[in-house]
Every structure is written in structure tokens, then in C-alpha cells.
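Q: Sequence:
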Amino acid sequence: ICSPSRAAFLTGQYPARHRFHSYLNSHAENQRRGMPDWLDPNAPSLARQLKQAGYATSHVGKWHLGGGRDVADAPLPQAYGFQESLTSFEGLGDRLLIKGDNLSNQNAKLGRGKIEWFEKYELTRAYVNRSIDFMTRNQAQPFYLQLWLCDVHDAHKPSAASLARFAGKGRSEDDRKFFAVLDEMDRELGRLFAAIDRLGLAENTLIVLTGDNGPTAWPSYYQRGIEPPGSTAGDRGRKWSLYEGGIRQPLIVRWKGRVPAGRVNESTLITGVDFFPTLCRIAGVKLPDGVFDGVFDGEAMDAVWLGKTTQRKRPIFYEYGRDAGYVQPGRESDQSPTLMLREGDWKFFCNADGTKAELYDLRRDAAEANNLIAAQAKRAEAMRKKLLTWQRTLPK
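Numbering (this note's numbering), first residue to last: 1 to 396.
Derived by calculation from the structure, the hints in this document are not laboratory data.
No false leads were slipped in.
Taking lysine-lysine pairs in the DSSO-like style, the calculated list, with each CA pair at most 27 Å apart, reads:
#1 K114 to K99
#2 K256 to K308
#3 K120 to K99
#4 K396 to K356
#5 K169 to K120
#6 K386 to K313
#7 K157 to K109
#8 K286 to K308
Ranges between beta-carbon positions, derived for each pair:
#9 P260 to E122: 35 to 45 Å
#10 Y326 to A374: 23 to 33 Å
#11 K286 to V327: 31 to 41 Å
#12 G225 to A155: 16 to 26 Å
#13 E122 to R314: 34 to 44 Å
This structure is a prediction, so every number in the text was calculated from the model and none was measured.
Where a beta carbon is used, it is the ideal one built from N, C-alpha and C, also for glycine.
Produce the complete structure using the sequences and hints provided.
A: Here it is, written out as C-alpha cells:
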């Protein structure tokens with residue numbers, strides 16, 4: 001979700017290394033969870049590495065790695081290697097805030113940057129405008145643009161014109177609002193990609209499109225007797241869950257002349273910590289010392305991004321939440337244990353004390369419905385030991 005996914009993308013390390021096991025919140029709530037108020041600026045940073053290699057760097061959109069709510073003293077994105085930034089209510093520095101939004105009103109009191117106010121449905125267009133401006137100004141040199149849109153995060157508040165296009169569609173008004181916001185975002189991304197083509201950058205620009213978590217699962221949807229908007233295509237779990245529906249995301253890569261158009265890879269596992277080494281490898285940028293000795297957790301997946309099918313060598317570890325006080329999906333069957341290990345097609349879950357152990361073979365059971373903890377006891381025990389050994393290396 002939010003902060004942990006972003007920390008993984010930026011650092012190439014499991015967010016739990018930085019005590020990120022949920023989204024950053026108020027100072028008091030961060031303290032209660034044993035979390036920092038911001039990502040340590042001394043952590044590895046993809047932006048810093050690219051900047052040192054001569055890239056122009058910009059962050060545009062949701063930040064959520066420190067600042068906002070009542071946290072006024074967090075470092076700005078520039079401390080992580082971004083030469084310029086434009087954030088939202090989950091960040092500081094120059095930012096766009098949402099009219100009539102409580103978190104935006106709270107953020108505005110923190111100062112530290114130029115603030116502009118927009119309707120929520122206007123944000124994505126404004127962020128894309130800033131992104132096009134950055135690319136235009138830097139088209140003659142290498143650049144790294146990190147565009148993290150707020151859409152399609154709820155609350156979904158499309159324009160009236162966009163909503164009207166989906167009259168009579170979906171299961172509920174919530175669905176129609178979601179469809180309209182998704183449509184607005186799609187149109188704006190199309191405008192961004194068209195600008196890349198218009199600037200003559202398509203053959204020298206790698207575009208990577210992905211998300212930070214599965215679809216929304218606020219309990220309030222279920223309390224109103226409706227299914228939340230957004231589909232997991234039959235996977236179990238949603239946002240705040242370590243089941244597939246909570247963590248499995250599309251990964252779309254475009255690079256004219258380098259990435260085979262229309263190719264689909266459904267077998268290679270890629271996770272957020274892989275982005276740092278992968279992008280550095282593609283850019284020909286030297287990785288920091290120790291990138292493959294455990295300091296970094298990701299694998300360079302450049303061959304896969306460029307069209308080959310290979311399998312990752314390392315297991316994948318996850319942690320979300322540490323007690324009952326963390327947000328959970330509104331449907332009980334979507335609520336997972338707090339720790340997870342993925343090795344090939346096998347997924348093992350348990351809590352930090354070893355309880356609630358679950359084991360699934362995704363090749364035969366993509367819905368994670370058949371717990372093999374007893375039938376595969378030897379495998380389960382080996383994975384449990386590996387997962388808990390990893391968990392004990394994490395800062396408390």
C-alpha cells in the first residue's frame with residue numbers, strides 16, 4: 001500500500017527495513033505503530049543515483065514518504081535526489097491541495113511551499129501538465145520523471161461530464177464514479193504519452209505503468225451493503241491484504257523499438273524492490289556498492305522488461321501491519337496474516353508469533369482457497385523458518 005510500496009520503489013529495499021509496515025499517518029499514530037514520520041533521507045534513492053549520473057529528476061504527484069497531516073518537519077523530496085517536486089496533501093514543498101478536503105486543509109497549515117487549490121477531478125490534469133512541462137524543459141538531456149498520481153484512490157470525485165458518460169453502468173453509483181475517475185486518468189495518461197511522441201522522445205524514453213496496491217476495501221462499503229469498486233479478477237484479497245488481490249498489479253512497459261509491442265508475460269514475478277536495480281541497469285548507471293549482497297533486496301529485471309521470459313532467483317518477503325489496530329479489508333476472508341513469503345508458485349503466511357499459518361500453491365489454486373499447511377507440512381515448516389528468520393532481522 002501507499003507508503004511501503006513507494007519506499008520499495010525508491011530505495012530498492014523492503015520497506016520493513018525502514019519500519020514502514022503501513023501508510024504514514026499522524027505523528028501520534030506513527031509512534032503507536034513503531035513507524036518513523038518519514039523515510040530516512042540517507043536511505044538509497046533511485047532518484048539520487050540517477051541525478052548523480054547526470055539525469056534531471058522530478059517528482060510529481062502523491063509522495064507519502066513524509067510530511068502532511070500534522071508532520072511539518074519532514075524532508076522535502078529534494079533531500080532524496082529530486083531537483084524539483086510537486087506533491088499533494090501527503091507531502092510538503094510545492095503542492096496541489098483539494099478543495100473541501102479535511103487532510104488538505106490540515107496540510108495547508110504546515111506551510112513550506114507554494115500551495116494551489118483544485119477540485120479533486122482537476123488534479124491529474126494538473127500533474128500531467130507539470131510533467132509535460134518538465135519533459136519539454138529537459139528533452140535535450142536524460143531525465144527521470146516520477147509521476148505518482150492520486151487517482152484512482154478513493155474518494156472518487158469525477159467531473160459531472162465524466163460521470164454522465166457512465167449513466168446506467170456498473171452495480172452502484174460508487175462503481176460509476178470509479179469508472180469515471182479511471183476514464184479521466186486514462187485520458188490524461190494518453191495526453192502524457194502523446195506529448196512524449198510529439199517531443200520526439202518515444203525511442204529514447206522508457207515508460208513504466210503500475211500501481212501500489214489492490215482495489216479499495218474500506219469497511220464502509222460493506223456496511224452499506226455494496227461491493228467496493230474495482231476488480232481483482234477473482235483473486236482473493238483487496239487493499240491492506242497480502243493475498244493476491246491486495247498485492248498483484250499490472251506492470252506495463254513501453255519503449256518504442258526496444259520493448260516488443262503486445263507481448264504478455266504471465267510467469268515472471270516482479271516486485272517493487274526490483275525497480276531500482278532494473279532502471280539503473282537499463283540506464284547504464286552504476287549501482288551503489290553492495291547492491292547484490294543483501295543491502296539491496298531487488299533483482300535487476302531488465303531482460304524481462306525488454307521482452308525475455310526468465311524466473312527470479314530470490315524469494316519475496318512481505319509485511320503488513322503488526323496488531324489489530326491496522327486498517328484491514330472490510331470482508332473478513334480478505335484479511336491476511338501479517339507476514340508472507342513467496343517462492344515460485346508457493347505462498348506461505350503467518351503472524352510474527354508463528355500463528356495463523358497458511359500455505360498455497362498458486363499454480364493449482366490461484367484463488368488461495370485450499371490451505372495446504374497440513375498436506376505440505378515439511379515445505380510449510382521450511383518456509384516458516386525462512387520467513388520468521390527474515391522477520392527477526394527487521395528493526396523493531
